[in-house]
Amino acid sequence: MTEPDETYDPTRHPDLLRWMGERQDAHERWAEQTSFAGVLDFTPASLGILDELIRETANSMEEVTDQRMTPFIQGAIWYVGEVFCRHQKMVWKYIPDIVSGELEPFFNAAGETSALDHPCVGAPDDPESYLYPLNMLRRILLTEDEVGNPVEETLSSIFANPFDEDDEDDGEELDPTGGWG
Numbered sequence: 001m002t003e004p005d006e007t008y009d010p011t012r013h014p015d016l017l018r019w020m021g022e023r024q025d026a027h028e029r030w031a032e033q034t035s036f037a038g039v040l041d042f043t044p045a046s047l048g049i050l051d052e053l054i055r056e057t058a059n060s061m062e063e064v065t066d067q068r069m070t071p072f073i074q075g076a077i078w079y080v081g082e083v084f085c086r087h088q089k090m091v092w093k094y095i096p097d098i099v100s101g102e103l104e105p106f107f108n109a110a111g112e113t114s115a116l117d118h119p120c121v122g123a124p125d126d127p128e129s130y131l132y133p134l135n136m137l138r139r140i141l142l143t144e145d146e147v148g149n150p151v152e153e154t155l156s157s158i159f160a161n162p163f164d165e166d167d168e169d170d171g172e173e174l175d176p177t178g179g180w181g
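Residue numbers (the UniProt record's numbering): 1 to 181.
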């Protein structure tokens, strides 16, 4: 891991640029292998198709993590990010770890996965705004939250509210009785 200097541009990391070029070059072949080449057109509506493909490929968040280096998941990561970039006015970024300030090895295939070892997308002028496409693919397979409540996320719902926070953060007052009173 290395700490970037003050001139670091998260949109210009050489590994990020190389990966983006590779993914763009491989996109047509990737789409043809899904049998949905004609409808994977980078529109927000096409996220529903990718959502189904991910659910056919993996049954859990851990499976997506384990498969993150496969051509299919790599293509899916790039595709999701591109849809957000094209329709949410976001850009690709490779940002340092928010705690250590260091850059993890890009897609660290040899080591344990980190939430920050892969690229993200975010607002061009806001270093605090970022979403990880790999984590979006993982989230759609989550069936319940940390307290056991059912969760049903889709790539389309994430796209509709990309920075949606928990109910506690939306300005609404919480019911002090927890709904029991």
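By construction, these hints were calculated from the structure, which means they are not laboratory data.
On a predicted model such as this, the values are computed, not experimentally measured, just so you know.
Here a beta-carbon is modelled for each residue, glycine too, at the ideal position from N, C-alpha and C.
There could be a bad hint or two in this list.
Distance ranges between label pairs, derived from CB positions [unchecked claim]: (1) 148 / 14: 23 to 31 Å; (2) 62 / 147: 30 to 38 Å; (3) 9 / 56: 32 to 40 Å; (4) 38 / 100: 42 to 50 Å; (5) 55 / 149: 30 to 38 Å.
Tested hints:
| no. | hint | result |
| --- | --- | --- |
| 1 | 148 / 14: 23 to 31 Å | violated, 43 Å |
| 2 | 62 / 147: 30 to 38 Å | violated, 20 Å |
| 3 | 9 / 56: 32 to 40 Å | holds, 37 Å |
| 4 | 38 / 100: 42 to 50 Å | holds, 44 Å |
| 5 | 55 / 149: 30 to 38 Å | violated, 20 Å |
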